[in-house]
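Novice: If you want the building blocks of each chain, they are given just below.
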Amino acid sequence: MSLYFVTILTNMTLISFIAISAYLILIVGEVSFGQQAFFGIGAYITATSTTLLGLDIVIALFFSFMVSASFALVLSVLTVRLSGLYFAVASLSFAELLRLSLYKIEYTVETSSGTIGPNGPEGFQNIRWIFENNISPENFLVIALSSLLAFIIFLIFMESSKLFKNARLVGKDQIVAQSIGIRPFFYRVGFITLAGGVAGFGGGLFALFNTYIEPSMFGIMLGVHGLAYSIIGGLGYPLGPLIGVFIDIGLLESVRFLSEYRMILFGGLVAAILIIFPEGIISPRLVSRIKRKLVKKTNA
Amino acid sequence: MEYIQISIDGILYGSSYSLIALGFSLVFGVMRRINLAYGSSLLLGVAIALWVENKLNTSIIFFIPIVLFFCSLSNLYVERFCFAPHNTKAGVVVSMISSFAIWMQLDEISSQLLPDRTHSFPSLEISTFEFGGLFFRGDQILNIFIAFIISAVLFMAVYKTKYGIVLRAVSNSADTAKLMGCNTNLVNSLTFILAGILGGIAAFLVLSTESQVTPLFGFWCTVKGLVAMMIGGLGSLTGAFWGGLLLGLLEAHFSYQFGPVFREITTFSILLIVLIIRPGGLMGVNIYKDLKSRDERI
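These protein sequence lines map, in sequence, to chains A and B.
In this text, residue positions in the first sequence follow this note's numbering: the first is 1, and each later residue adds one.
In this text, residue positions in the second sequence follow this note's numbering: the first is 1001, and each later residue adds one.
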C-alpha cells in the first residue's frame, strides 16, 4: 500500500468518528452542528496527556473520551428544553465558544525536541508519540481502524437492544414515547454525552496522527462535514455514516482531477442525494424492508 | 465620553447585522425554515457581479442592480435546490442540512471567482463627521437609516398588502393556504427572490463601508445574521432590526474591554444565553407557551 493511500484511509477513519457521533445524536432526533468541538477537546486532552504528563495512550484516549463526554453532558443539560433548529444553533454556539477558548489556553514547556504544550493560536506542536514509539503509518491505520470497528460493532450489537429502540422512538415522536412511559430526557442526555465521548476519542487519535493541532482545525466546516456524512448515509444502520465518508474523501478527495472542485461537487451531491433519498441512503425504512425479506426467506 | 463613542460605533456597526438579519427573518417568517446558505448566496451574487463589472467597467449606478440581480438569482437557486423539494413537515431539518451543503458549494465557487484574499469594492465615499466631540461614520449612518426603512417597508408589505396576506397565510399553515388557492410554490420562490434583493442591498452597503470583499464574507453574513435574528426574535422583522443593533453594541464594548477574540466570544455567548433563557428571542414568541411552535418542533 502506498503512503498516500494509507493517509487517505486514516483520514477517512478519523473523520468517521465525527460522523458516528453525529449519527448518535440524530438517532434521538436532534441535529448537532457542534461535534467538531468535542473532537478538538479530545485532541487537546490526548496531546496534553501524552506529551506533558507522559501517560499511556490507552489512558490518554480514555481521558479524551471522558472529558469530551462531560462537556457534551453540560451541553445536553443546558439545552434540555431546546429541540430541532434551536438545539442545532445552540450546539453550534457552544462549540464555537469551546473552540475560541482554546485560543486563550497557553501553557508551554521547552524540551529537547522543541516546544510542547498548547500555545494559543500557534497551536499544539510536537506531539511526538508516533515517532517515540516507532509506529509506522500502516500500524497507526490498524490502531485507528480497529478502534473504529470496535465502536461500530458495539453499535450494531446495541441496535437490537431495547435502549436503542426506545431512543429511536424518542427521536421519532417524543409524545408517543412519553405516553408509553419512556423518559426522553435520559435518552437525550445519554446519547448526546456518548456522542461527545466518541468524537473526543476520534480527536485523540487525530492529534496523535497529525502531530500538530491548532484551534482553527476544529471549525464549523469539520462538524458539518461529519453531519452531512451521517445524513446522506442514513439513519437506518451504523454503517450509514461510513458511506458518506467514503463518497466525500474516498471518491472526491482521492481522485486528483476532482479534488480541486471537491467542495463544489460534494455540496451539490449532498443536496441531490437528499432530494432522491430524503432519509439518507440506508434509511430506517430500507433496513426494515430488508429485515422483513430476510425473515421471509428463513421462514420459507 | 469614551464609552459613548464606543456605543455609537457599536450601534452603527450593528446596522450591518440588522440589514442581514432582516433577510433571514423574512425567509424564516414565511417558510419556517432556516436558510444557512443565505450568506454565501449573497457572496456569490457579489462575486459574479464583480466579475461582470470587471468585464464591462460600468459605473456604480449600474453596479447596484447587477448585484441585486445576481443575489436574487443565487437565492432562487438555493430555494429550488434545497427548499422546494423538501416542503413537507419532515423536511425542516433536511432542508437545513441541504442548505448547509450548498453553503460549501457556493463559498467554493465564489472563492474560485475571487482568487485573491481581498478584492476592492466600490465605496460610496461618504465622509465621517463630528458632532459634539463624537465621530459618526456617514456611510454607517446611511446603513442604519436604510435598515430602518427596509424593516418599516417590509412591515407594511407583510401587514398591509395583499401579497402580505398571502405570505402570512402560507406562514401560518401552508396546507390550508394551498387549499384556499394560494400558489405556495410561487410564494416561496418570490420570498426568496425578495430576500435576495434585500440581501443584495445589505451586502452592497456592508461591503461598501468596508470597501473590500473577502471569501469569508459569506460565513460572516450567515453567522452574524443568524445570531442577530435569534437574539431579536425568530421571524420578527422589528426584532431582527433591534437584535442587530444590540449585538453590535455589546460586541463593541466587550472587544474594547477584553481584546479582539472577545468579539466572537461575545457573539456566541449571547446567542447561547438567549437560547437557554428565551429561545424565541427577546422580541419573539415564547416557544414554550406558543402551541404552534411547540408542535412544529423546529
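Don't take each hint at face value.
With a cut-off of at most 25 Å between alpha-carbon atoms, the simulated DMTMM-like pairs for lysine to aspartate or glutamate come out as follows [as the list claims (entries may be wrong)]: (1) Lys-293/A <-> Glu-159/A; (2) Lys-1162/B <-> Asp-1175/B; (3) Lys-104/A <-> Glu-1264/B; (4) Lys-293/A <-> Glu-279/A; (5) Lys-1055/B <-> Asp-1116/B; (6) Lys-1089/B <-> Asp-1009/B; (7) Lys-165/A <-> Glu-279/A; (8) Lys-1089/B <-> Glu-279/A; (9) Lys-296/A <-> Glu-122/A; (10) Lys-1089/B <-> Asp-173/A; (11) Lys-104/A <-> Glu-132/A; (12) Lys-172/A <-> Asp-1175/B.
Quick list of simulated restraints, FRET-style, between CB atoms [unchecked claim]: (13) Ser-288/A <-> Leu-1056/B: 55 to 65 Å; (14) Ser-288/A <-> Phe-1258/B: 52 to 62 Å; (15) Ser-1211/B <-> Ile-276/A: 37 to 47 Å; (16) Thr-1128/B <-> Gly-219/A: 26 to 36 Å; (17) Glu-260/A <-> Ser-1211/B: 25 to 35 Å; (18) Thr-111/A <-> Val-1052/B: 34 to 44 Å; (19) Ile-1006/B <-> Leu-149/A: 48 to 58 Å; (20) Thr-111/A <-> Ile-1126/B: 14 to 24 Å; (21) Asn-1185/B <-> Ser-179/A: 33 to 43 Å; (22) Met-221/A <-> Ser-1120/B: 23 to 33 Å; (23) Glu-260/A <-> Ile-1193/B: 23 to 33 Å.
Hint data in this document are derived by calculation from the structure and do not stem from the laboratory.
Idealized CB from N, CA, C, for every residue including glycine.
Novice: The structure should be examined with respect to each hint, and the outcome stated for every one.
Specialist: Going through the hints against the structure:
1. Lys-293/A <-> Glu-159/A: holds, 18 Å
2. Lys-1162/B <-> Asp-1175/B: holds, 19 Å
3. Lys-104/A <-> Glu-1264/B: holds, 13 Å
4. Lys-293/A <-> Glu-279/A: holds, 20 Å
5. Lys-1055/B <-> Asp-1116/B: Holds, at roughly 17 Å.
6. Lys-1089/B <-> Asp-1009/B: Not OK: Lys-1089/B and Asp-1009/B at ~43 Å, beyond 25 Å, violated.
7. Lys-165/A <-> Glu-279/A: Status holds; Cα separation ~18 Å.
8. Lys-1089/B <-> Glu-279/A: holds, 13 Å
9. Lys-296/A <-> Glu-122/A: Given that 25 Å is the threshold and the Cα spacing comes to 60 Å, the pair is violated.
10. Lys-1089/B <-> Asp-173/A: Holds, at roughly 13 Å.
11. Lys-104/A <-> Glu-132/A: This hinted pair is violated, its Cα atoms lying about 29 Å apart.
12. Lys-172/A <-> Asp-1175/B: holds, 22 Å
13. Ser-288/A <-> Leu-1056/B: 55 to 65 Å: holds, 58 Å
14. Ser-288/A <-> Phe-1258/B: 52 to 62 Å: Since Ser-288/A and Phe-1258/B have Cβ atoms about 54 Å apart, the given range 52 to 62 Å holds.
15. Ser-1211/B <-> Ile-276/A: 37 to 47 Å: At roughly 44 Å between Cβ atoms, Ile-276/A and Ser-1211/B fall inside 37 to 47 Å, so the hint holds.
16. Thr-1128/B <-> Gly-219/A: 26 to 36 Å: Given about 35 Å between the Cβ atoms, the range holds.
17. Glu-260/A <-> Ser-1211/B: 25 to 35 Å: For Ser-1211/B against Glu-260/A, whose Cβ atoms are near 30 Å apart, the range 25 to 35 Å holds.
18. Thr-111/A <-> Val-1052/B: 34 to 44 Å: Since the Cβ atoms of Thr-111/A and Val-1052/B sit about 56 Å apart, the hinted range of 34 to 44 Å is violated.
19. Ile-1006/B <-> Leu-149/A: 48 to 58 Å: holds, 55 Å
20. Thr-111/A <-> Ile-1126/B: 14 to 24 Å: violated, 56 Å
21. Asn-1185/B <-> Ser-179/A: 33 to 43 Å: This hint holds: roughly 36 Å between Cβ atoms.
22. Met-221/A <-> Ser-1120/B: 23 to 33 Å: holds, 27 Å
23. Glu-260/A <-> Ile-1193/B: 23 to 33 Å: Given about 32 Å between the Cβ atoms, the range holds.
Checked against the numbered hints above, the structure breaks hints 6, 9, 11, 18, 20 and satisfies the rest.
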